[in-house]
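Participant: Sequence lines, in order, name chains C and W.
The first sequence begins at 240 in the numbering used here and counts up one residue at a time.
The second sequence begins at 240 in the numbering used here and counts up one residue at a time.
Among the hints, erroneous ones may be present.
The list cannot tell twin chains apart, which means a pair is met if one copy fits it or any two copies do.
Said to hold, decoys possible - Pairs of lysine-lysine residues, derived as DSSO-like cross-links and limited to a Cα-Cα distance of at most 27 Å, are as follows: (1) Lys321 x Lys278; (2) Lys278 x Lys310; (3) Lys321 x Lys287; (4) Lys321 x Lys310; (5) Lys269 x Lys325; (6) Lys310 x Lys269.
By construction, these hints were calculated from the structure, which means they are not laboratory data.
2 protein chains.
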Amino acid sequence: MPPTVLIMVNAEIRIELKKGVADPEGANTKKALELLGFKGILGVKTVKVFSMELDMSAEEALAACEEMSRKLLANPVIQSYKIELK
Amino acid sequence: MPPTVLIMVNAEIRIELKKGVADPEGANTKKALELLGFKGILGVKTVKVFSMELDMSAEEALAACEEMSRKLLANPVIQSYKIELK
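Let's have the full structure, built from the sequences with the hints guiding it.
Facilitator: So, in structure tokens, the structure goes:
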């Protein structure tokens, strides 16, 4: 039986809130940091990243991440996504 | 009165779970993706990123982000953090 070859790709899907969409967690983090005495904070945005190990080619990984983002990971109404192969 | 000069720095603080710490959200995301028919997913990790706009020099921003991470944003028992100036 031929040895099974594992082609491992690391991909990251970065999910951000679209411009104009409220980011309560970011706002609360900014407030908490200011209460701790930090100055000069103009804005805080929260970003979610899914870091994945995939057993497929780079090309397949890009296509799969695109589909995962559209089907499950990103809400198209309020979020945008970016895919990066590491 | 001299014009106030704004030195804006974009910094990102990336918070990851340490090796060996359970990532229920990552595990559930993997399961959900597999239920949707995606194959070849070896692992899914969730990463939190705080994207900040800071009115300070790059040097001050690095020091401030270090302190923000230690004081509020990262739980040293289960999380590690990385700081990146954009």
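Participant: Could you tell me which of the hints above the structure violates, numbers in ascending order?
Facilitator: none
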